[in-house]
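Engineer: This is what each chain is made of:
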Amino acid sequence: MGKYVASVGMEVHAELSTHSKMFCRCPVAFGGEPNTRVCPICLGLPGTLPVPNHAAIEMVMRTALALNCKIAMHSIFHRKNYFYPDLPKGYQVSQYGETNPIGYHGYLEIPSGNGVKRIGIRRVHLEEDTGKLMHLPSGGSGVDYNRAGTPLMEIVTDFPPDISNPDEAKEYLVQLRQILLYLGVCDGKMEEGSLRCEPNISIRLEGAEQLGVKTELKNLNSFRSVQLGVEFEVARQRELLEKGETVLQETRGWNEAKEESFPMRVKEAENDYRYFPDPDLVPMCFDEETLKELRATIPELPLAKSQRYQKDFGLSAYDAGLLVGDRSWAEYFEEAVKLGGDPKAICNWMNSDFAQFLNKSGQTARESKVTPKLLCELTELIAKGEISGKIAKEIFPEVFETGTSPAEIVKSKGLTQISDDSEVRSIVKKVVEENPAILEKYRNGQTSVAGFFVGQVMKQTGGRANPELVQKLLTEVLNS
Amino acid sequence: MIPLESAASLARLLADRKISAAEVADAYLGRINELDSKLGCFLAVDADSVKAQAKAVQEKIDNKTGGPLAGVPIALKDNISTQGLETTCASKILKGYVPPYDATVVERLKAAGMPILGKTNMDEFAMGTSTETSAFQKTTNPWDTERSPGGSSGGSAASVAGGLAPVSLGSDTGGSIRQPASLCGVVGFKPTYGRVSRYGLVAFASSLDQIGPFARTVEDAALLAATISGHDPMDGTSLPSKAIDVSGLKQGSLKGVKFALPTELFGDAIEDGVKEQLEASIKLLEAEGVIFKRVSMPSVLYGVTTYYIIAPAEASSNLARFDGVRYGALVEGGGHIENFEKTRAHGFGREVRTRIMIGTYALSAGYYDAYYLRATQVRTKMRMEVEAELKDVDAVLCPTSPGVAFKIGELLGDPLALKMLDICTIPANMGGFPAISVPCGLSQGLPVGLQIMGGTMADERVLQLAYAVEQALPKTPASPLLEGVAG
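Chains as they are written, first to last, in numbering that gives the first Met the number 0: chain A, 0 to 479; chain B, 0 to 486.
Just so you know, not all the hints are guaranteed correct.
Label pairs and their computed distance ranges (CB to CB) [to be verified]:
{"hint": "1", "chain 1": "B", "residue 1": "G255", "chain 2": "A", "residue 2": "A295", "range": "49 to 57 Å"}
{"hint": "2", "chain 1": "A", "residue 1": "A295", "chain 2": "B", "residue 2": "H230", "range": "27 to 35 Å"}
{"hint": "3", "chain 1": "A", "residue 1": "R117", "chain 2": "B", "residue 2": "A364", "range": "55 to 63 Å"}
In case anyone wonders, no lab produced these hints; they're calculated from the structure. Using N, Cα and C, we set each Cβ at its ideal position, and we do this for glycine too.
This is chain B alone, in the form it adopts within the complex (with noise of 0.2 Å):
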């Protein structure tokens, strides 16, 4: 059953001749047909197009000039541009968008020769923990409909957990792949900022999004984080540094390799059965000559607070441009600046404005200091605790999101709890340091993710030791809904 398959072995299977790159894209968007009215994943699919890139993706797998997953199709987050494909960042304020280019992930993805499956619902301008501040629909978690598949990339992470996507691109700001990864049971990973080209995503926080892959297995992950990876022109945070090798990735040892547990992050803030589960795996982990260590990181206890300032900031600019002038829907109000009001107040749902407003505070004159300035102060420092114990460890390991899959609704009231579910996933955008989260077993029947973050650069160690406790862990079931197809 094709949609039971890792994109690896999908990519085998089609350079085997075994399947055809048709039968794969049809099978997923047989999935897609049946399953996401009751996940909705997915904002936009265009089928027919889907059928057309894989016929001619079919060529470049005869013609082996593809890249390592040649033929397996891919979902992308809706802030990732797509040319002549709406994106919309799951706002009002962007509907009927569609961009005139392609991001550079999407440029390298289609020479890679993967078929675009279609765009992914998320939490509005990925502002959000649980994909519900999306303008046009909620997505479901694949392991309990009733239940988020946290966010903001949950579209991505839910349609690659319920497999109507062998893999699929989000984008992480405070966790924004990892978090949802965890909670729907896949693998998500955020390289080192300036890994990926950001040239093409919708910016939300330009010093702390990054670009990553969803995947339900760390050699899935890998692949996708190689094929999208490297230096690109265009964007001048890219870093001078090669794809991500992957060559590497299943000679690591957990012998002797050394984690480092940062105590706050295992503290009251985290959900017993979630400590549990990590304990369990620790433990097995130990069995295997992995030694750990237990440290304080202070300042991460301060990461919550320290983004909630630095993001905002950033995105009340970033989003400034979104005034109805040059594309996107625009309400007039009388004047040029009624305009802006209307078109502002019209498209832009609550969250976001409420974002736009304390970053706005933040950046404002008399409170730049005490605000903006202090955070990236604390940024700053707490760049430099995680890099001091990484000199010792050759990872961070913590849990991913503190707790399991919320039921949708549940947390609205609550917006604390909501931005609290990042605090461990904060540090790495923090810092830029790659970091990913793998799935350790399941608490109250629901998936629990493990995280392993390292030094910046460090992407080939990372997903290497990754996929040693990946395969040393004992396997964590795909959800009911893939299960289904097995059984």
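Excised from the complex, chain A in its bound form (with noise of 0.2 Å):
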């Protein structure tokens, strides 16, 4: 039997974080009592009309910039039509055709292997979102319109697809929610349906040249869902073709309980939306000088900052990525960088005991009292060894609580570490007389029992000797 390859195409929901809908004042927010936020024109009430939201143009716009894509300098919104009671004016306002989109014919980089892979994309364009229909607990049903306007931008994938397996279909996902969120443009809460993904799958036999019959996923509302639905999808669908069965054209849905793929509505023949321009709306016309603008206010990426920080700090892979996984987390960082901080050491802090007291806090790192001078301070303590590893360990909970300075609380805590030779040398010598039973164990071969001493030295201390300094001095006092 032969191999089978994947085709994984991607089309992604983001709503946009504007303040208002796409084409009335009405707030955009999540949840909260149905159709509060409603108003004649997100209603569609008879003869309202759409004014746009140029906050939401230029969020699509910058998001093209970030994913390459070129721009369609004159732009236009058509109407999508077709019938159902969460679409209040009978038609989506969209934007169709292959290089009318705002943005077309990009690509995006994800991780592989030691380099990257470029995925294509096919279209950036601005839409506006539905409202929601919803099973009343009395029966019948109810539409909740309160999203319904709210500023959506679809990003499709090239087709044909770049994306081969469900690992880099997940990574796909992570890349671009990253992008969004750097670029400000969605919350990417995936479980809110902020970020919807839909991926598209089929295989076929390595070498075959027409792509197989995909199916398409629905209600995958993680990054898991969507890798192991993928991973679901190609595993169906290999053991069809295996058995010399077909695979239906259909949509599925995601059962997230039982890991499981089922049939949702098997797609008969393309609908016809009968799009055409919408005359309500006159064309988007942009020039070079906004492009260049909009093009400024992009930041760099996640994924070249990463490589950037591998490169530069000799950070590993792994922990660059968790360093730019969140554009105010890697700001953090580089802010603390440039205060002098030693790169590894500062990564090494964040990425682990800043991480945990954050995570078990609930705060973010710029809400923390740690700011990224304190962080600073408490590397550099070490560095000079004015404290021990485990001192600094020991005295962060204090500097995450109050926010005081780690210098100050070593210094009234007297917790310096003592690097002063004699001073060493004699609580050595004493540890040493007071236990002539264990320094008997050690000069019979037990050097096991060297690190009693070191222990008892520690304890004497309250752990402020130098334990590189105890360890020499010992040594030498035990060998005279």
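Now that you have both chains on their own, put them together as the hints suggest.
Structural biologist: Next comes the structure, spelled out in structure tokens:
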């Protein structure tokens, strides 16, 4: 039996983080009492007209630029016509055509092995979200239009797809989400539906020219479910083909609990949405000047940042990845480094103790009392040998709780490391003299008891003795 | 007698405290009471509200904070949203729908101190040329109640012609203001597309729709246009322009003015009586120093065909929102889709259903290029032809309607003939040009309208020319219903 290869296309919908909706001034938010963020315009009352939200248009342009897209200098809105109760106007304002969407023909890079892989992007366009159809407890259906008219950005990968396995599918989404967060255009909350991903999956025998029949997956609300979903579909399709059966072109849902997909509806024919230019909306025209200005607002993107950290600071791919996962986390890191902090030490503290404390307290780095300056101070105290790593770990909770300078804590509690040769030597001598039995054991060849003396020295100094010095002097004393 | 006065002279009398807003409102309520059972102009009149508005408006007049027509009441076509007042578009599907907001033009009328008399009958969703497709009632022509007032703004036209309102607003998608104005012997003006906000106008064909005034004189139409026009941030297609400036309305002279006469709109499609009346007017205007240039605009002959692709295509989408879910009459049918089917099958009349189907077809995959796209190309060509001619002349002059008022029911069996009634008016909508219909005498005892069309944003010039033409031509009598008042 031949080997199968998979092709995965990704269609991502991102709700834009604008203050108001796409075509009216109702606020954009999540949840709330049904139909409390609606007005005649987003309810589609007769006679109302749309006026585009320029902030949303700018967000899509910035995303398109960040995704290396060409920008349609003349871009229009179309109406996508279909009937559903959650669609107030009987059409959705969207963008149609290959080169009409605000962004087209771009790509996104994902880490792959030691390098990167380019995932082609077909289009980045702007549309409006629908309301939500709900089943009422009393029976029947109701519609909540709070979400109706929220600006929605659709990002679709190239066809034929470049993604060929579940890991890449997940990595694509991870990178895309990070970029959206870096740009500040979407809050990325998959569980709230502000970032929605619908992969389409097909498999074919290796070497086959024609792509296989594809299925589309819906209701995936985490990275994990995207990965599992794609994995499941690839396996399911392979099993069907190996049994000599065929794959149906259909939309399938994802059952989170059972970790399996189930059929939702079979696509018999392409829906005819009767797209046509929306006569209520004048064409959007952009100029080079605007593009230049917007391009200047695009920050260094996470993958580039991670590569720079690895190259410039010698961080591992894993550590760098953790740092760039969140834009403000990376900015915190860079600020600390700029203040003179040792990149590796700062990185280690951020990705271990600091991250744990933040996790527990539910704060972000910026919300916490540990400023980049304090973190630098702490790592410097260690580097200069003024405190041991152990002491540093001990005082960190206080720094975190109170925001007090580590140097001050060390000073006020007398925690400064004792690195004075004669002072340590006298304590070492004292400890050795007070424990003749143990010394005897050592002299009889049981050298492992040296650890006991180290422990005693530390105990007597409250852990402040410089460990390396203790080690050195103890060896001298024991062997004298 | 109040109903005989022009809106401008009513406004003067009001400003001079010779009459009160309440007296004016009462006079028109009286006319409506007396005559509307015969004319069927109004779908809704709330007399108490009219009286209350008149009372409130009196304050504006006293404080001089109203517009140029403060205290002059107005009738509104029933596709213009009025807060708290049922707005049905003369369709069963919107029966009982009371908008929670005012159209921008209504806000401006209220700010200018013009009491709203009521909502006028129309072809259902403005789809028609005779006001006969209204789901609720027939409107008759004040010149002959056996005849149609034209359409689709028939109620607004007839109310002004019959003296039931001094002025009114209609909407014009392919001639729906100018054609009924012509058939009823009043002035009807369609401003430049985008000059008057469409916010609150229930959309028929968004790229063609435009609100505009009906009046008995060009001056009244101009004052009303000035009141409602100007940029509106609520309408994305609204032009970034100021309100129409009428300060120079009466300063135009006809001497040396150049009008283009498109031969295509003086041909076989036009009734002899109408042509004769137009030619007679042209002679009179020539005597005033007007220069006429006979030109050819071949594309205008495709206007009706093009219009009947573009307008239904947009309408098929614009009318998709009427599904009974949020407002209007829901007819239950089982599931969601069945609800839609029953609601729409029951709520829309035959003409509306027909146009939705035509439009749906024209936009369908495989037909889009052949119909919709082609039509938009012809539209562009037509606009360019008109613009090319307008470089040489002040305006285009032609008949407004190819014929005079026809008998009610006479053309119902001949949909093509009904649609051809728009042949002279459609080019202005296609190009977004301002155009006005001015009465120019009678043919077979019925009014004939003369149309003046100018370039984009030439609203002021068009009104100025129309005023001069109105002054130069012999006065067309008012409708017998108003003549009766005088007698």
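Engineer: Determine for every hint whether it applies to the structure shown.
Structural biologist: Outcome of the hint check:
{"no.": "1", "hint": "G255/B to A295/A: 49 to 57 Å", "result": "56 Å, holds"}
{"no.": "2", "hint": "A295/A to H230/B: 27 to 35 Å", "result": "32 Å, holds"}
{"no.": "3", "hint": "R117/A to A364/B: 55 to 63 Å", "result": "33 Å, violated"}
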